[in-house]
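Dock chain B against the given chain A, drawing on the hints supplied.
The primary structure of each chain is shown beneath.
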Amino acid sequence: MILPSDANGRSLAVKLSGVTKRFGQHTAVDDLSLAVPAGSVYGFIGPNGSGKTTTLRMILHIFHPDRGEIEVLGERSTRAANDRIGYLPEERGLYKKMTVRRVLAYYASLKGMKSRDSQAAIVHWLAKLGLEKWADQKIEALSKGMAQKIQFVSAVIARPELLILDEPFSGLDPVNLEVLRAAILEQRQSGRTVIFSTHDMAMAEQMCDFVFMIYKGRKVLDGTLAAIQSSYGEDTVRLRVDGGVEALRGIEGVQSVRDLGQSQEVRCTGDPQDLLKRLAARTRLHLFEVARPSLHDIFIRIAAPASEEVQHG
Amino acid sequence: MVKIWRIAVTEFVNATRSKAFLLGILALPVLIGLSIALQYFGQKNKDVRDRRFAVVDRTSALFPVIASKAAERNETSIMRGDDDGRREQTAPKFIPELFDEGPAGSAATELVLADRVRRKEITGYFLIATNALSPEAAGEGALAWSTEAHSYSELPDWLEQTVNEEIRRLRFADAGVDQALVHKLMGNVPVKRLGLSNVDAATGDVVKAKTTNRFATFALPGGCLFLLYLMVMGSAPALLNTVLEEKMQKISEVLLSSATPFQLMMGKVLGATLVSLTLSGLYLGTVAALMWRMGVLDLVPPSLVLWFVFFQLVSLLMFGSIFAAIGASCSEIRDAQNLMFPVMLLVMLPFFVFMPIMQSPNSPFATGMSLFPPATPMLMMLRIAIPPGPPWWEIALGVGLTTLFTLACVWAGAKIFRIGILAQGQAPTLGKLVRWVLSK
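Which chain is which? The protein sequence lines are A and B, in order. Per my numbering, the first sequence starts with residue 43, numbered consecutively. Per my numbering, the second sequence starts with residue 1153, numbered consecutively.
In isolation and in its complexed conformation, chain A is listed as follows (with noise of 0.2 Å):
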């Protein structure tokens, strides 16, 4: 199958062009362009209701827009490529009274993977997490962190081309969400395309080579992480004062102040060097630092309660 390109001439494993879905008076995406190099880690971020599941059931096939067109793995419009897709569903939905072995045949053998090819893979991606132990337990005596490793292997175990994984993270302790990165990060190396939701704006940061974020339907970032923080400019300043927080109140050009405990995070109005003057004429400085706003910050501009403003990527 060819993939379709972008201008640039990159494959594109997924494409959605002027994609809109309502349910009832409510509409869930609104107009959504984008598109999806191959090869790449694609992060979908956006508040929770903003359209994020939605958009992944669309790709999936599961949902059907209402208007637009979705191109997935050269096959528009169709679920022609579902077998060619592995999905990690937001709530992990496995049978708590099937042995882990038998749940990941059935799964693989939906996605059309003969007997004898998904045992294999079974053992490989068990000893590879280090749950061949469990392999013929039942599911419902696992624990969440093992069940969650199951579930990723599930979407997996067939060699999808693309993944899907929605909120692949959450729940998961650190020891576990470790081992889960590297899988996915590896699946990457091996040339699949990965589009994962998340609410860790660290973890997007730092995995994805593109990051979309959609709000109240409509996609209001688009793009690499750097090209995201370059269109806000060097608005931010990193900061660790004598008298904290306080210190800074009422300070002429500071904007807004996150308060990390530690350290201060203050976006500013005007030349950086400008409060860099009045804050050592008020305080002592330990740290003062100009910088590019974090995806987190970009995040909270956009989506906090105050904001009611759409802005655009």
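Worth flagging that the hints you see were computed from the coordinates, not collected in a lab. Among the clues, some could well be false.
The calculated DSSO-like cross-link candidates involving lysine-lysine, where the alpha carbons are at most 27 Å apart (straight line), are [to be verified]:
(1) K186(A) with K175(A)
(2) K57(A) with K1592(B)
(3) K138(A) with K1402(B)
Here is chain B on its own, set in the frame of chain A:
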């Protein structure tokens, strides 16, 4: 089709590996066995304590007979001997006592005896009015039994029969009529129930009609209906729970990333059908083996088994699709129960009407009911099982209508399933389900 089959096989394996399936197989024989065992246990442990009672005989003619018949009963009919010559009492002894009213009168007599009943000295008392022997006394309360234990009927039944026999004997004697002769003259002539005579095609001889077999006429059709009903009730409503559970556990969403909603629904319905066919195969096989041992297997025409399998398939596809759709459309079992009530009525409908249909299988009522598509599988099965069966055109029409109705159920069920399986929140109303069916 491959995915439908894979889902069906997984559903089948999951179901047949569960304890519930094993219990399901054993449920019917265990229930029958348990009921026989309980009846036997009840008989063995019957309360055989003596039943004392008072008799107020204002005719002065009936008590001696009551006393002698009770003594005879206590010595013979309630005693059962075993091989070792031991005698076992199988029912309570009846111990009558004549109550002497004296000059106190009726009201005082009844109060005294009522007190004795309350003190548990006697079970009850039997009042025989002075006019009890008169042929005009019938229906005037000339015989009365008073007790606290109204549910215990063995003693009043025995008294009624014994005293009436004696009253009749006395009336015949009084009228100078030989009772034995009257009895002989009044005897019934039984009607022998036969099939139809035939001509042997090979020899040309007339083959005499055979006596109607009660098993083939009543037990076989009734058994077919009961088993079909059991198979539908045991499998189709369970689909609602399975689908709802998978929806709530978000398993459906994972499956929908690999299969279409139609494939998922059909896989589940087919899986439940396979489970049901396995169960009925086990039951039918066991019954066939028993009938073969009893030498009555030839009473079951092979075509009946084929009709059974066909109607079972149709029923499960029809009701399975409906129940799966209801399960998919709800988010809570409570909402599903409200919606399943009218469907359960449809499933049970044949059970409400099968008696008049068995008595008159070719009546307009039977024809009409068996052509009502949701009831056709069970009621047409019943009519086919009762010899000689309905006319061929009725069977063909019934099969055609119910097949079309089943296809409509699968189509509508799939539309509801497609929208409902990922819908959350408010319980769907019937109107909403109709809108889902009619949506593009």
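Review point. Which numbered conditions among the earlier hints are violated in the structure presented, ordered from lowest to highest?
Key: none
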